[in-house]
Amino acid sequence: MTAIAKKELKSYFLSPIGYVFVGVLLLLFGFYYYQVLSVGSSSFLPQVYSVMFIWCMMLLPLLTMRSFSDEMRNHTDQGLLTAPIGVGGIVFGKFLAAFLVFAIAMVLSLIPIVIISFFASPDWAAILGTVLGSLLYGAAMISIGVFISSLTKSQIVAAIGTFGASIFLLVINQLSSLVTNTVLAGVITWISFDNRYQPFAKGILDLSSIVFFLSVVAIFWFLTARKLESKRWG
Amino acid sequence: MMIEVHRLTKRYGENVALNNISFSAGENTVIGFLGPNGAGKSTTMNIITGYLSASSGWVKVGGFDTVDQPNEAKKLIGYLPELPPLYPDMTVRGYLNFVYELKKVTLPREKHLREICALVKILDVSHRLIGNLSKGYRQRVGLAQALIGNPPVLILDEPTVGLDPKQIIEVRNLIKNLSKNHTVILSSHILPEIQAVADRILIINNGSLVADGTPFELEHSMSAQHHVSVRLEGAMEEVEKALSGLQSVQTVRNIGEKEPGVWEYELTGKEGKDLRRPIFALAAKRNWPMLSMTSSDLSLEDVFLRLTGSAAVPDDLTKGRDA
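Chains as they are written, first to last, in the numbering used here: chain U, 1024 to 1257; chain G, -6 to 316.
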């Protein structure tokens, strides 16, 4: 597992993907920090993360699109699956590497806030809460993305499929007002990433949302492992 | 027994890729899988290594069932698949390091990896990107990857594909050396390659095992008749008549004039009779210069073609012994 995570992390930064992902995210963060600075109030800082929520959801598919697609196309999955490790470890290694890249971007995004904190006193509790929320939905989205990439040999198909999933999870709560069936409306608000993320943006540490995101990670980790194993039975 | 394969069958829907294959291999033997493309060689290897599962039947490696105790079994296997599992964006050294960690090898890393690189002769490219290597080098990196951790069982799917003749000989010698303390299964659709290294040959066709034996046994099992091709200088009709008159000759076929005044004849002996001495004696007596004589027993190539070309195969070839 650590071997795979290490190799993946290296390959993110051997290819441009890692740099582009972190760079573009930080550029967008910079843009919104600049707006906060021009307003001149550090109380808007946590809101940068709520705005970035949409951008992150849009960019995360780029991080996971190649994870298993590339392995299958290069036939390197054969090397992984015949190594003396379980599929669970393989999937978790992949997940962990992508998550670490996202986490690097999130940690680096705190630098401007650290600088601002010399001149003002930002609300650290709210900011760290929203960063935690970001890491959670990021982990969930990455887990979904890794699963989708295990379904196809084509990176492009994996990327578009994951985009579709992330857009769906972003906009689904807009449907809830249109749906009359209360059960369905309940399900929609229940699975909407936006709804789940909002408590963190408000500085609330919502246990049910934490459990929700971690469950999504676990479910798609499990599904990916089963998908890889199903190859054996094909 | 290092490898036991028991009644292995693999179906893809209606299509039967492997049909009831059984064999076993002891320590320090080289088993050659021979068969035309698509016969089921790679499928068998993929099942042994745990990449695919069988529809029925089981495989044990070193006594571990590959389904019940996959990690224990996989630890004993070094596998070079048909397409080596290489990452083009890694350096050779980086890749071997990764495989070393992936397989959780505990041997001293520097020394072990250096030894392997020296063995397959890739020390000079160890800092280059795999994506920039030639096919021959990639194949050797694939071989190196299989050797990491010094597993007692090596499964090599067409290990010499893409190598030049010199490298092919090197790899053959390497396999011969490895076979002193490894069980090796290698596949090929090229016969001389298998013939050169294998202690035992399994011929697979259309998913079934059609022959199993040492190269010698296979060559001799198909035909008890002795064939000789001979080129004699002399009046064609006279020579042909004299040859037909020999006691142990069953048939004589005139192949034609190969050189000015020289005809080639193909003779078939009666069961169990060696024709070479009588022919020589005849030629010497009649003073016909003999320009060449080759004993053309059914070669392994013929055995192979015959077995994979037709379904009718004598039963005694598939008795399935242990090596």
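Simulated from the structure, these hints should not be mistaken for lab results. Check the hints yourself; a few may be wrong.
[Stated by the list, open to error] Some but not every residue of chain U turned toward chain G, in silico, with C-beta under 10 Å:
(1) Ser1034
(2) His1098
(3) Asp1100
(4) Ile1138
Glycine included, C-beta positions come from ideal geometry on N, C-alpha and C.
Can we keep the histidine 1098 of chain U interface hint, with Cβ of chain G closer than 10 Å?
Since chain G brings a Cβ to about 4 Å from histidine 1098 of chain U, closer than 10 Å, the hint holds.
Hint serine 1034 of chain U vs chain G: min CB-CB distance below 10 Å?
Because about 6 Å separates serine 1034 of chain U from the closest Cβ in chain G, which is inside the 10 Å limit, the hint holds.
Identify whether the interface hint at isoleucine 1138 of chain U stands, where standing means a beta carbon of chain G within less than 10 Å of its own.
violated, 35 Å
Closer than 10 Å between Cβ atoms is the bar; does aspartate 1100 of chain U clear it against chain G? Give me holds or violated.
Constraint on aspartate 1100 of chain U satisfied, holds at 8 Å.
Going down the numbered hints, you'll see the structure goes against just number 4.
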